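Visitor: Chains as they are written, first to last, in numbering that gives the first Met the number 0: chain E, 0 to 430; chain W, 0 to 249.
Mixed in with the good hints there might be a few duds.
Stated by the list, open to error - Restricting the straight-line Cα-Cα distance to at most 30 Å, the calculated cross-link-like pairs of lysine-lysine (DSS-like) are:
id : chain 1 : residue 1 : chain 2 : residue 2
1  : W       : LYS131    : E       : LYS1
2  : W       : LYS9      : E       : LYS1
3  : W       : LYS208    : E       : LYS1
4  : E       : LYS139    : E       : LYS120
5  : E       : LYS173    : E       : LYS103
6  : W       : LYS128    : W       : LYS106
If you are wondering where the hints come from, they were derived from the structure by calculation, not from laboratory data.
Model, not experiment: these values are computed from the prediction.
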Amino acid sequence: MKALLALVRADLVLYLSNRRALLISFVAPILIAGFFGATLGGNPGKRPARIPVAVVDLDQSDVTRAIVAAMRKDDNFDLRDSELAPAIEQVRAGKIRAAIVLPKDFGKDAPRALFRQDGKKPEIEIHVDPSQTVTMSLVKGLLAQHVMEEVARTVFSGANAAKFLADSKTAIEKSTDISPGVKKDLAELLDRVEHLRAQRSPDGEAAGGGGAGFSFKMPFETKEREVTSGDRKYNPYAHSFAGMGVQFILFLGIDLGIAVLLMRRMGLWKRLRAAPVSRGLLLGSRIASGTVIATLLTAGIYAAGIAIFGVRVDGSWLGLVLVIVAFGVLTSSFGLLIASVGRTPEATRGIAILATLLLVMLGGAWVPTFIFPEWLQQATLVVPTRWAIDGLEAMTWRGQGLEAALPAVAVMLMFSVAFAATAVACFRWEE
Amino acid sequence: MLEATDLWKKYGEVQAVSGISLTARSGQIVGLLGPNGAGKTTTVSMIAGLTAPDRGRVAIDGMPLTETANDAKRRIGLVPQEIALYEELGAEANLRLMGALYGIEGKLLDERVGAALALVGLSDRARDKPSKFSGGMKRRLNIACALVHDPDVLLLDEPTVGVDPQSRNAIFENLESLRDRGKALVYTTHYMEEAERLCDHIVIVDHGKVIASDTRENLLRLGTAPVVPKGPSLESVFLQLTGRALRDGA
Chain E
0 MKALLALVRA
10 DLVLYLSNRR
20 ALLISFVAPI
30 LIAGFFGATL
40 GGNPGKRPAR
50 IPVAVVDLDQ
60 SDVTRAIVAA
70 MRKDDNFDLR
80 DSELAPAIEQ
90 VRAGKIRAAI
100 VLPKDFGKDA
110 PRALFRQDGK
120 KPEIEIHVDP
130 SQTVTMSLVK
140 GLLAQHVMEE
150 VARTVFSGAN
160 AAKFLADSKT
170 AIEKSTDISP
180 GVKKDLAELL
190 DRVEHLRAQR
200 SPDGEAAGGG
210 GAGFSFKMPF
220 ETKEREVTSG
230 DRKYNPYAHS
240 FAGMGVQFIL
250 FLGIDLGIAV
260 LLMRRMGLWK
270 RLRAAPVSRG
280 LLLGSRIASG
290 TVIATLLTAG
300 IYAAGIAIFG
310 VRVDGSWLGL
320 VLVIVAFGVL
330 TSSFGLLIAS
340 VGRTPEATRG
350 IAILATLLLV
360 MLGGAWVPTF
370 IFPEWLQQAT
380 LVVPTRWAID
390 GLEAMTWRGQ
400 GLEAALPAVA
410 VMLMFSVAFA
420 ATAVACFRWE
430 E
Chain W
0 MLEATDLWKK
10 YGEVQAVSGI
20 SLTARSGQIV
30 GLLGPNGAGK
40 TTTVSMIAGL
50 TAPDRGRVAI
60 DGMPLTETAN
70 DAKRRIGLVP
80 QEIALYEELG
90 AEANLRLMGA
100 LYGIEGKLLD
110 ERVGAALALV
120 GLSDRARDKP
130 SKFSGGMKRR
140 LNIACALVHD
150 PDVLLLDEPT
160 VGVDPQSRNA
170 IFENLESLRD
180 RGKALVYTTH
190 YMEEAERLCD
200 HIVIVDHGKV
210 IASDTRENLL
220 RLGTAPVVPK
230 GPSLESVFLQ
240 LTGRALRDGA
């Protein structure tokens, strides 16, 4: 036992005296997690970043001006007026995400197209940044909302509403593509709309002050309720600290494995083996010291996350400690596995880094696993880092109890046993 | 004291050691000489319990030495060919760690660490890290690490590689002092003058076999053939026995 403690103490002293290793294992994850956290939403309560788009109004009609005004009021947009050519150039330069072009006669054609199935619909061109596909879906959705609201307002309550309805009715009657039955139904529909419109006062209130006024609106409103723990806001740093913490602690695992290879090269391993200590004690000391170092570092990283970035442990503190310790065991057994299969420090480091990056990528350290395809979400359940990140998140922002930590702890310990067993089986004892 | 009897070891198709035997008594330095690839390091590894022989036996005062025979291993100190030190631990911390691995603690450990540092002349650098030491100082500390548990048998695998004459001389004096205290030393080297100065008994191995084993004086008598014009030396005897062909590929 004293020999084991002496070896563990030596490893701890050596690690803590290595400023470069400390910098990479402790400071780097905090900085990078801080960066990712800020990118993913920053401080809770702050307004999210608005989407910079340009709108080019070639029509300058009441309808298009109303659309532009509605978009300008929308908190999701950072709207910029522009001419067409400079707007496209800004998209190309990545300064804005899209340039929306409202074409000439849009204010006249769009209301007509609302009822006429045979006519050509006006086209809104959107010049897009192809690297921003997710943002584009959001832009198109919001644009559809504003266009529909303003066009419908024009049809049902605008100054030219009667003319739009009459024109539409005439066009439908003249159409050869619409069956007589459908023509009849559409004509009745337009009559009803005209009847409703005629009952309204010009300012949109119901005529005579009796019934409710008529206007075309989105048929629902959304209310966001963040499902975290209690009523507290989600802190994106909680995810980034889980992801980056796991990544950099696994890098520490590589260092632990490479250290054994260096000890072998330096003859230190030979010297340790010449001592009256068992193989189990030699390997066990590596796992023990690695676990202590990884646990302390993870705890330190989270302490910084809590103190500086407001990460909260809304779940079980005991669960968090268990997850961190289990991940420490996993890290050190991973390091031992690297030491057992590696030949030289130089060749091993590259392969180990690649393996680690795959583990953290598939574990959801970079992007949350819900973005993965369904099959990959299932497949990554066999990746131990997935359990580490899920366990850390469960104990922090998801606010879950100890029972949610136990599966993650159990799976990580099972992987640790598998790694350690493989390492012992493959370890080259003779030089 | 130390008896290695009929040691055999094969790596794949290569027969590294074929029936090597040697004995080191208390107060004796036994030189193990041989060209590159002769089987010296494999032999030392088997004697230290690092490598299990395919056949043969190593014993200290009749006590068999294997990898798991801790009592026997406590009586051996190994000085590897490499400078096997924790470079970022202080000299004293290195010695304390090695002592702890051999079960030494408390006041006895303090005494042993102090004695080992004094023997190799590093008492005034006890807290300094080996990374700040010269090559000679590192080599001396390398030896001290094998002495801290006060072994009866010391195995030294080319312990003077790359050191200056002063440090080498200091190391020789350390080893002679240990011999005078009744330790048994097995010393492998490429430097014939070292063996000539230090060793009481010399075992020359080649191709995994012992080709000569005798006292220094008796071996020097073998060298009466005019290999070296100036007269017999251990080097001339060595070349006479092992040949002059280069062993680069070994």
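Visitor: Starting from E/LYS173, check that the Cα of E/LYS103 is at most 30 Å away, please.
Guide: holds (25 Å)
Visitor: Is the straight-line distance between the alpha-carbon of W/LYS208 and that of E/LYS1 30 Å or less?
Guide: violated (41 Å)
Visitor: Between W/LYS131 and E/LYS1, does the CA-CA distance stay at or below 30 Å?
Guide: Distance ~29 Å between W/LYS131 and E/LYS1 Cα, so the pair holds.
Visitor: Next pair to validate is E/LYS139 with E/LYS120; report whether the Cα-Cα distance is within 30 Å.
Guide: Roughly 17 Å separates the two Cα atoms, so the pair holds.
Visitor: W/LYS128 and W/LYS106: Cα distance at most 30 Å?
Guide: Holds, at roughly 23 Å.
Visitor: Hey, W/LYS9 versus E/LYS1, does the alpha-carbon distance stay inside 30 Å?
Guide: The hint is violated at about 36 Å.
Checked against the numbered hints above, the structure breaks hints 2 and 3 and satisfies the rest.
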